[in-house]
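**Q** Residue numbers (numbering that gives the first Met the number 0), protein chains in the order written: chain C, 0 to 281; chain X, 0 to 281.
A hint or two may mislead.
Unchecked claim - Listed below are the simulated BS3-like cross-link pairs for lysine-lysine, each with C-alpha atoms no more than 25 angstroms apart in a straight line:
no.: 1; chain 1: X; residue 1: K110; chain 2: C; residue 2: K22
no.: 2; chain 1: X; residue 1: K257; chain 2: X; residue 2: K110
no.: 3; chain 1: C; residue 1: K18; chain 2: X; residue 2: K22
no.: 4; chain 1: X; residue 1: K257; chain 2: C; residue 2: K18
no.: 5; chain 1: C; residue 1: K18; chain 2: X; residue 2: K18
no.: 6; chain 1: C; residue 1: K14; chain 2: X; residue 2: K110
no.: 7; chain 1: X; residue 1: K224; chain 2: C; residue 2: K17
no.: 8; chain 1: X; residue 1: K8; chain 2: C; residue 2: K18
no.: 9; chain 1: X; residue 1: K110; chain 2: X; residue 2: K42
no.: 10; chain 1: C; residue 1: K18; chain 2: X; residue 2: K14
Rather than coming from a laboratory, the hints here were simulated on the basis of the structure.
There are 2 protein chains.
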Amino acid sequence: MEVVKEITKMKKISKIWKKEGYKISFVPTMGFLHEAHLSLIRKAKELGDKTVVSIFVNPLQFGPKEDFKEYPRDLERDLALLEKEEVDVVFVPKTEEMYPSDFQTYVEVTKLTTGLCGAFRPGHFKGVTTVVLKLFNIINPDIAIFGEKDYQQLQVVRQMVKDLNLDIEIIAHPTVREKDGLAMSSRNIYLSSEERESASTLYKALLLAQELIKDGERNSQNLKKKLEDFIHSFPFTKVQYIEFVDPLTLEPVEKIEKPVVCALAVFVGKARLIDNMLINPE
Amino acid sequence: MEVVKEITKMKKISKIWKKEGYKISFVPTMGFLHEAHLSLIRKAKELGDKTVVSIFVNPLQFGPKEDFKEYPRDLERDLALLEKEEVDVVFVPKTEEMYPSDFQTYVEVTKLTTGLCGAFRPGHFKGVTTVVLKLFNIINPDIAIFGEKDYQQLQVVRQMVKDLNLDIEIIAHPTVREKDGLAMSSRNIYLSSEERESASTLYKALLLAQELIKDGERNSQNLKKKLEDFIHSFPFTKVQYIEFVDPLTLEPVEKIEKPVVCALAVFVGKARLIDNMLINPE
């Protein structure tokens, strides 16, 4: 496993691989790896000949009041985990090289980023698409793997790839959960043990939504109310949003007649957690 | 010479060329080709093994009150000219394929686009960088040639290439002029024969700036005033801007002590013409 810090070196490696006809698969991460990352990486290894994992806590996707500074980091532990997975290259670029002082080019997907997390995190997805496009251009992958936990991000990246005519296959990987259903996330480390108990409410709320819909509830306003009450019955919780959206356009759905994605963001203590589920009313 | 209309077909051709190790050079145009385009294309042929010229009047870079509809088009004549130049591929994409109805991804260079034409054409450079990035991704060139007449565009594209980590060499080609100095432009066709006589004032004003600076004038406000008066002494002219800017940052220069670019935009009748010159005070 090679750890690469320089953009030019990463490009050189990719160029050689391409010339030799290898299929490059890529998993972008912000590090502090957990089991869900590793399952994305195993998928990547399965689908490609050469696997690149990037570790970069991208300042551009954090708002001024968000947790960029606190975001957990542990490069040594990450590299040990990646070594075990037999990743070919770990790309760990420096912030100053990714964003030199005269940096001024941004990529933005518009419609898909107006709702859900986009409504509460202005600039977040612009930061995501900008860094993802840079990483794509540096690594030149054939395949990139994204987790379904960040469902809006997944759709936004897919739209960017389509709109900008990139030749990269975007693979979605199912959300990996703890035993009690909590979606794995590096931010779960922010939870105290008491908060941790409440954190599984996101998944339980999604299961409740599924059940209510199966039982015939079709009105998303009613569903939202029930889910919110359910979540707030757990201590330390504060719902940011609960939405039922079209799986492709991410537009809100009032009356549920086709498969919808139920997506939610909930503060549990200071940790902002998100989760989602595709629910089919049939 | 092959005329390609489909994005997938263009990609396929480029992929084959790349595999065979050819160096692809690319000249993006909006068609209605003139001698300046042809000189860019000859440069492209000289620098690369395979040459692609695109013809696409990009709606995204025209403002709602600008001349998208009137912009001159003559594909048949263009193709005949390109055939003579022995271009390998002419890429003529359809608007509906470049911008399908759900298109929503935009690329923006910020600082460099605030002044000069960017100040008077909101959204113009966003349209330029978006289409140029799409064309780059479709054609995958090693080299792309841009004319110096559109100096701000040239710098904006260079910045995008650098910021997004693209592996494309951007080549600047000197402005090609008519006998009286008028910079060649497809928009010159808008000029009546009387207006045409006034149109050379842009170049004459640049020569005047050069002369005044050589003679010791260092204050750009004084220079602007003199140039504006000079231009307005010709009938049908209306100055939009005259600026002295740093050649790299495009920031306005008050006191001219290093090489500057003098850039101007002038309406001659309904035609909006631009021109520029690098002037060294030494």
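**Q** Of all the hints numbered above, which does this structure not satisfy? Sort the numbers upward.
**A** Failing hints, ascending: 1, 4, 6, 7, 9.
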